[in-house]
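Asks: The lines below spell out each chain.
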Amino acid sequence: MHGRDDKPLVVQSDLVILLDESTPNAGQVREKLILFTDAVRRAGSIHTYRMTALTLWNAAASGISANDIVGWLSEYGKYELPFQAEATIRRLIGRYGCLSLTMDSGKLLFQGEPALMEQIYRHSSIIEYVQNRLKPNEWELCNGCRGVFKQELTRLGYPVIDRAGYHSGEALAVHIREHTLRNRPFRLRDYQKEAVKQFYKEGTVQGGSGVIVLPCGAGKTIVGIAALAQLSSATLILTSNSTSVKQWKEELLDKTSLTDAEIGEYCGTLKQVRPVTIATYNILTHRKSKEAAFSHMRLFSERDWGLIIYDEVHLLPAPVFRMTADIQATRRLGLTATLVREDGCAEDVYSLIGPKQFDMQWKSAEAGSYIASVSCTEIRVPLQKEKQELYRDASARSKLRLAAENPGKIPIVQRLLQEHAGKPTLIIGQYLNQLHEIADRLKAPLLTGEVPQQDRQLLYERFKTGAISVLVVSKVANFAVDLPDAAVAIQLSGSFGSRQEEAQRIGRLLRPKEGNNSAWFYTIVTDQTKETEFAMRRQLFMLEQGYQYERLSLPIDGIAALEEAAQ
Amino acid sequence: MNIQQLLGKLSEQREERFILADVWRPAMQRGLSWREAALDREAVQSAAERLSANALLVLKTMLRSFAAVPAQEERLITAVRKHTGLSGAECHMGLVELEEAGILFSVRKVWGEKIFFIPVDCFSIWQQSLWPFQTDPLSSANQEKLINGKIRTHCRPLGRQLLSAFAALAQSGLELTKKGALSKKTVAKLVQVVELDEQCLHRFGLKWTHRELYPLKAAFILEAGAAIGLLQSGEGALKWKEDSLTSWLELDEGSRERQLMDWCLRLLLPAGGASSHAAAALIGLEARLWYSERDVEEWLKKTRVETFMNADLNVRWPAPCWYELFHSLGWMELVDCCGSDGRERLFRWKGSYSAHARGSAAVEVNPHYITIQPNGELIVEPSCPFTIRWELELLAERVSDEQVAVYQLKPVTVARALENGRTNKSIQSFLMEASGSDSLPSAFEALMEVWTSRACRYSFAEAVLLRCDSEQMAELVEKDSEMAPMLLAKLGASDFMVDKSQLDEIRRLLQQAGYPPRKGVQSYPETDHKCYPFVKHLAKASRNSALTFTPEIKSADTFIYETCPLHHFELTDGSASESMQPFLQLEQVPAIWTKQLRSYHHSTRKELIEQALEWQTPVQLRIEQELRSFVPERIEQQNGTWAVVGLLRDEQERQLIRLTPDMWEEMRLVIPGLADPT
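Protein sequences appear in the order of chains A and B.
Each residue of the first sequence is one higher than the last, beginning at 3 in this note's numbering.
Each residue of the second sequence is one higher than the last, beginning at 325 in this note's numbering.
These are calculated hints, taken from the structure and not from any lab test.
Think of the CB as a built atom: it goes at the ideal place given N, C-alpha and C, for glycine as much as any other residue.
A few of these clues could be false.
Said to hold, decoys possible - List time: in silico BS3-like cross-link candidates among lysine-lysine, alpha-carbon distance up to 25 Å:
{"id": "1", "chain 1": "A", "residue 1": "LYS387", "chain 2": "B", "residue 2": "LYS803"}
{"id": "2", "chain 1": "B", "residue 1": "LYS674", "chain 2": "A", "residue 2": "LYS9"}
{"id": "3", "chain 1": "B", "residue 1": "LYS469", "chain 2": "B", "residue 2": "LYS513"}
{"id": "4", "chain 1": "A", "residue 1": "LYS401", "chain 2": "B", "residue 2": "LYS734"}
{"id": "5", "chain 1": "A", "residue 1": "LYS401", "chain 2": "B", "residue 2": "LYS803"}
{"id": "6", "chain 1": "B", "residue 1": "LYS563", "chain 2": "B", "residue 2": "LYS803"}
{"id": "7", "chain 1": "B", "residue 1": "LYS734", "chain 2": "A", "residue 2": "LYS387"}
As the list claims (entries may be wrong) - Here are the simulated distance ranges between beta carbons:
{"id": "8", "chain 1": "B", "residue 1": "ASP521", "chain 2": "A", "residue 2": "GLU391", "range": "50 to 58 Å"}
{"id": "9", "chain 1": "B", "residue 1": "LYS803", "chain 2": "A", "residue 2": "SER371", "range": "21 to 29 Å"}
{"id": "10", "chain 1": "A", "residue 1": "LEU554", "chain 2": "B", "residue 2": "GLU802", "range": "26 to 34 Å"}
Pulled out of the complex, with its shape left as it was, chain A reads as follows:
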């Protein structure tokens, strides 16, 4: 098979596209690709994209035709476009716009081309939702099946345009402040406006549900708040933990006209249901026993919500997905930095929250200075000789812990702190003993799950104001919204090979920085141990986002020298 070497694309019949970034017109082609593909991996010189039914339907919705896509892929393809890929593109896009859901006098109607509807009727999984086949091109559906029906049709490969609309929900007067409560000028950045615009789609039935993907630090909370203000309706915000709840509330008060009385917190002991209510996924999925019902799920119907925001949507637990299927008449906004789900449920996010409406890649955000430019470095330190024997005899789990808690890491941290003196620095770790030890050694405050909420807020505040420059944090810091903005993060240890955690931790550094807009992420691992392997796995997501890790290895006698220097 002879290829055209100057062309950047290879299209596979399973709709995977490889883009050779080393070719001269790769940039131009990338601009086209993002219109109808998802980026899968951006490591190295060959980046992987994938067309899916959803990406193609999204493209069709924005006016791109099958001929356009086939034309581009043929023009820029190194090899002939596989017939299977071309046929699939034409078939999938050809189906777009042929089926729709509407509401007429309270009846949910399904309309479309008779031939296509006949095809659909052959699927037994569909029949149970059909109440009455009024005409060959119009069926009446059972009430309340809107979510699951769409989900099933999507699964079967038929896009349905949901024009059944949304209910407005309880009206809420809210607007974005031009000056924050702390009297700083405030306006949405262009891409934040664009993200809200893509989600809202002028209030039409075409918009109103979907996911916005922004790197950490690029202002996902702001986008959520702007969407809330745009819709001006009662809003339920679901987030991952109680720290986030507090921070959402703080941001809402700071940047919108909402008052304290209008914002409810629904977590821990607080069960406030107010026009804007912020709850945790945890509380929603709490139940007394395995068999008991999820009693807090009633929150979904406790007010007439006009919008539900799913923060960190990649963490959404399964019971909340199921609940979401029943509330398709409510607008839904998912926010995330990554659609990578360690549990492999990314598809459920697409089908139940909605398709991706906006995606800004990390490196693009960095190029636009919307986020800081982060240098990632892995520093390998040897295990002290006296620990080596212990390590050899230990069980697998203990081995990892011994490696993670390698005391040799502490002098490195001290050295790094000297190097970045004065810069707000987070030291993040998995094991409390180690964190206590380092906090003691550095005389730095320690923030763990044991610290009461009130004290945490105080610590955040002091860190933000610069009263303290080093904060030692446990894994509670992983998912908190806008955890103190830092310029340096030093990772002492992490949860095995979690790619998501690594991404979240780096995310803590991404808020744009004054000056040269730079930030530093260090991960310290023990050389010649299992920890280096886990470190590799953890770094995969960032590698795939186009980040590079520099690697430094400390010789065995390097620690003593460092320790001496630190005295």
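Following the hints, complete the assembly by docking chain B onto the known chain A.
Replies: Chain B alone, transformed into the frame defined by chain A:
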């Protein structure tokens, strides 16, 4: 049996005689030898035009009645006589002509039974010459059907499927169990890595060895390996013929696929019965153009090419489906359509694998065969030679394989490579060479460093040497309080003698220390069936010769039995003397019987008819002043009178009729091959 196999049995003189036959004259003028002409479409076409009428009828009837299945002489003659009206002698004459030209061959079983066959690789060429299948590709108006049809999933070309299978086999080891078969685990792996749909093969009614242990797919893979000369039986294990393996891997993809297609057709055409006509028609179609199965069916009906098929060759149900087979072997794309006019299957040959594209292979020279990604992903260009892919199959996990292939290096695959004698350094230098680069991404190097840092740092030797891969590793062992007492002696800087009985304990301690030693125990010389063969990749010096690599005719190892095995039998010399024996007695009858039409007495008429029956020749009769050609079948006696039952060849209805001697005026014996007296 195909031409190549025949060449092993034919004398040089006989092969030279074939091309002297009149039918090959145009081929000879083109400078072709018989072995070339027999497989050359143009030569076969002109030979078909030059065959005598009798030979043509015999050949056509044979192909219609038996397709590619060898035919017993008696059944063949019966079929030809039934369908053509040729007399027995004319049939023999036709057969002699065909045998003398090297178009048909025969073997003789020990008890004398003769079996005629057409070399299996000539079958489709002759079929296409005798009944050309010319159909138009799908019109652009009908292209819409393709888009709305159900496209069968992509299958890799058979060569790539086999590469994965052979790689899996090499990784699992070739040892045979006590039953003489590969282990269940190995067979399971073999079957797993090949996407070929076994059902496609089952329809051919094949028979294979170790039926209770091998699924047909496994037998098919092993048969391929044996047939192309890569695998052979050894003591208690199969063995790689490493030179052949290297040569096979060095073939360009087009040549390899065509070679495999020839092998498949050799195996399956004789097993396909009547369906093989459809296969032969498909083989002649142009690559990359879409056709409809309906047109093939229509052509089969129109030419009635299968209509003489013996019932026993046609009884297999469901009949083999060549479309599905060719798709499953990665050579054909298939689309199932369902429209208002019913179901329809559309197909096209991929790339250069169809017979039509023979000789169009080109070798691409491109040193940049793979791209190495920082995360260990390897992107493999279509032009990447199999010698490199072979190594990749060991080093990495195949994620996808079509236009380009994607492999992913993983800790487990790297450990497997180490287990098979590769090292961090050798892997990295292989990858650099294959990627045409002098460095690797630093993140990738770091991954490799981690992945190769533990597994196989130690290995056991048969002499019970504990071998450490460096002085540093040796030091670690020496200083270990539990292991040190078990080290009997230090040999050189990094080896220790250890007590064999303590081998397991040391292994456990090393494992516990986080340095799992290499599995098993090395022995010298290495048992080659255990090791994944090293193949010299990019060995340009040998690539030219590789392009001409031809496998051995047939190894002694068989995994699938031929449907009609012929090679055990003696190939007859095909000379006329044997078939024409009766005519040697021509002088025993009055010359006038053959030379002149005469009105004989009824008793003499009977004598002539009896002689015709003995020689299986026709007679010429004048009936109601018209000259008719009559082939007598038998004489019937009734109430002291006699009659002859036979066939009047110029009658529209091909039915036996009964003639009493008073029903013709004059007669003579007709000797096939002798000039007409008029």
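Asks: All the hints need checking, so say for each whether the structure fits it.
Replies: Evaluated hints:
no.: 1; hint: A/LYS387 / B/LYS803; verdict: holds, 12 Å
no.: 2; hint: B/LYS674 / A/LYS9; verdict: holds, 22 Å
no.: 3; hint: B/LYS469 / B/LYS513; verdict: violated, 38 Å
no.: 4; hint: A/LYS401 / B/LYS734; verdict: holds, 22 Å
no.: 5; hint: A/LYS401 / B/LYS803; verdict: holds, 20 Å
no.: 6; hint: B/LYS563 / B/LYS803; verdict: violated, 43 Å
no.: 7; hint: B/LYS734 / A/LYS387; verdict: violated, 30 Å
no.: 8; hint: B/ASP521 / A/GLU391: 50 to 58 Å; verdict: holds, 56 Å
no.: 9; hint: B/LYS803 / A/SER371: 21 to 29 Å; verdict: violated, 54 Å
no.: 10; hint: A/LEU554 / B/GLU802: 26 to 34 Å; verdict: holds, 31 Å
Consistency with the previously given hints fails for numbers 3, 6, 7, 9, ordered from lowest to highest.
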